[in-house]
Every structure is written in C-alpha cells, then in structure tokens.
Amino acid sequence: MVDGKRNLEQFDLEALRRGDKGEFATLVDAYSGVIYRLALKMLHDPLDAEDILQETFVKTYRYLGDFDGRSSLSTWLYRIATNEALMFLRRRRFGQVSIDDPSDGEEQEAEPLQILDWCCIPEMELMSDEARSTMQQAIDTLPESLRTVFLLRDIEGLSTREVSQVLDLSEVAVKTRLSRARLRLRQHLTAYFGEKVVTQHTSPEGGV
Amino acid sequence: MEHLGCRNLLGSLSEFVDGTLEDELCAEIQRHMDGCDNCRIVVDSLRKTIYLYQVTKESAAVPEDVRERLYKRLDLDSFLENKEL
Chain A
1 MVDGKRNLEQ FDLEALRRGD KGEFATLVDA YSGVIYRLAL KMLHDPLDAE
51 DILQETFVKT YRYLGDFDGR SSLSTWLYRI ATNEALMFLR RRRFGQVSID
101 DPSDGEEQEA EPLQILDWCC IPEMELMSDE ARSTMQQAID TLPESLRTVF
151 LLRDIEGLST REVSQVLDLS EVAVKTRLSR ARLRLRQHLT AYFGEKVVTQ
201 HTSPEGGV
Chain B
209 MEHLGCRNLL GSLSEFVDGT LEDELCAEIQ RHMDGCDNCR IVVDSLRKTI
259 YLYQVTKESA AVPEDVRERL YKRLDLDSFL ENKEL
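Chains A and B supply the protein sequences, listed in that same order.
So for the first sequence, my numbering puts the first residue at 1; every next one is plus one.
So for the second sequence, my numbering puts the first residue at 209; every next one is plus one.
Misleading hints may appear alongside valid ones.
Capping the alpha-carbon separation at 25 Å, the derived lysine to any residue pairs in SDA-like fashion look like this [what the hints assert, rightly or not]: (1) LYS21/A x ALA268/B; (2) LYS280/B x LEU113/A; (3) LYS21/A x VAL251/B; (4) LYS265/B x GLY33/A; (5) LYS196/A x LEU113/A; (6) LYS280/B x ASP45/A; (7) LYS265/B x VAL225/B; (8) LYS196/A x LYS280/B; (9) LYS196/A x GLN262/B; (10) LYS265/B x LYS21/A; (11) LYS265/B x LEU13/A; (12) LYS265/B x ASP45/A; (13) LYS280/B x ASN83/A; (14) LYS265/B x GLU195/A; (15) LYS21/A x GLN10/A; (16) LYS196/A x ASN83/A; (17) LYS280/B x PRO122/A; (18) LYS280/B x GLU195/A; (19) LYS21/A x ILE80/A; (20) LYS21/A x LEU282/B.
Distance ranges between label pairs, derived from CB positions [to be verified]: (21) ASP252/B x ASP66/A: 53 to 59 Å; (22) ASP66/A x TYR259/B: 38 to 44 Å; (23) GLY219/B x GLN136/A: 40 to 46 Å; (24) ARG132/A x ASP252/B: 33 to 39 Å; (25) ASP245/B x ASP140/A: 41 to 47 Å.
Source of the hints: derived by calculation from the structure; they are not laboratory data.
Just so you know, even glycine gets a beta-carbon here, dropped at the ideal spot from N, CA and C.
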C-alpha cells in the first residue's frame, strides 16, 4: 500500500513489459513520491535525490522486460532505487574510509544504556521543529548499513522479507540491523528528551 | 540495566515491540518487565521512538518541477497532465 495510490500489483504487467507509455506514466506517478522521499533521506540533497529518482525510472523502463516476478514489482522498484542511492553514496565518498561496515553495530551493546522516562512529554513538544531536527540528526549518525534498513522498514513500511529482497540480506540480518538502528535512535532521543525531563523536574517554574 | 539478564533481552526488544517474537520469549520479557522498571522504560521509549519517526515522516510527494523534469527525462511529456489523483 503506497499512500492511497493504486497498488502496484494492479498494474498491467504485460503492457509495462511492452513499453506502454501510458501505463508506465501511471506507475511513475504512483511510485515517484516514495522513491523521492527515500532518496532524500539517504542523500540529504534535493538535486542528488532528483538524479536518483530519474535514474531509477530510466532503469525501470529499460529493464521491465527482464522483470521475472520473483519479488513483487514494488520490491523490485525499491531495489533499483536503493542500489542507485548506495552506488551514489559510494562514489561520493570515493577515497574516504568506508563507513558501510556491518560490524558497525557492535559497539553500542557496550555503551551504557540511557534510561530516563521521557514518554510523558506532551506530544506537541515531542514533535517540535527542534525535536524533528534532532531526530534527523540521529538518523544521520547511523552507519549506512543500519540507516538503509531503518528507512526501508520503519519509514517506507516494507516488510522484513521485502527489505531482505531489496538488500540481498537474510531476514535475520534485516532484523538484527533494524534492532540496532532502533536502539541507537532511542539512545539519541533519550539523551535529548531526557534532558528536558530533568530540566523541567529541577526547575518547576520553567527555569531561567 | 542493572539486573542480570537485561542485556541479553536487549537484542529481542525490537521484535518484541513489533509483536513478532515467539510466544515463549515474549512472555519471558513481559514477566521480566513486570519486575524491572528499567526494561519497561527502555521498551516504552523504544516504542515511542519508532512511533515518532512514523508520524513525523514527510508525505510522499514529488514537487511539481521535479515531476516535470522526470517526465521530460522519461520522454513522457504528453502524459504530464494526466496526474492520477
């Protein structure tokens, strides 16, 4: 299900394979929004995200004839887009040390857990501009291997199985990476919101 | 987390909040949380973290100029007006 638009599996696959432009235009409209959002989150740059968006659909059109239906069409689209974005990121930091190391998730388990109950903070404050920017920064600090899984699973809403197909990973690996990503994000948000709880607690008048 | 076992449960909490954990482990975590405030707080804040990211995500819309350039690149100019709503 993609934001109320036509379900991908309802597309006329035969027409798409034949290169039917009208059907392809409908596919583009149904999926360009989610692909663009994913590319923006992965690349942080509207122009780069637009490049990925265009490349994704250029390749989709070119290779539709080869689509074998082993995964769903939507998973296949996400796979093309994610690969484009990951290749772009690799080119961008060519010459730099790779941060795409699956072992990146290991050290957090040794880090002391942030334990502070911030769930009582009013929703308005949890969703303030400042909070949103903190949330974005938290995503940015994730290693790419964890961030990609988190974006596909929790932001784009793909299933564990779909993410495993998009990234060529086992389902166990997807779950492990998702778990690490979520726990890291929780740590960040607890550090941020926890401070607010403490401030409010120690200065009930609001403090100066 | 101070209690013995908390660290071991940590890796299962993500699946626990998704409700995809096997019944036995799920019950074990539930039992543990009844007596462990720290783990309860971690689970609550983990849930809230995921919730916040989901409710604040941007809508999946493509700006009109981006859409126009995409259509041109794909040689779909003649379909530019037929946006399915």
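- Item | Hint check, failures only | 2, 3, 8, 10, 11, 16, 17, 18, 21, 23, 24 and 25
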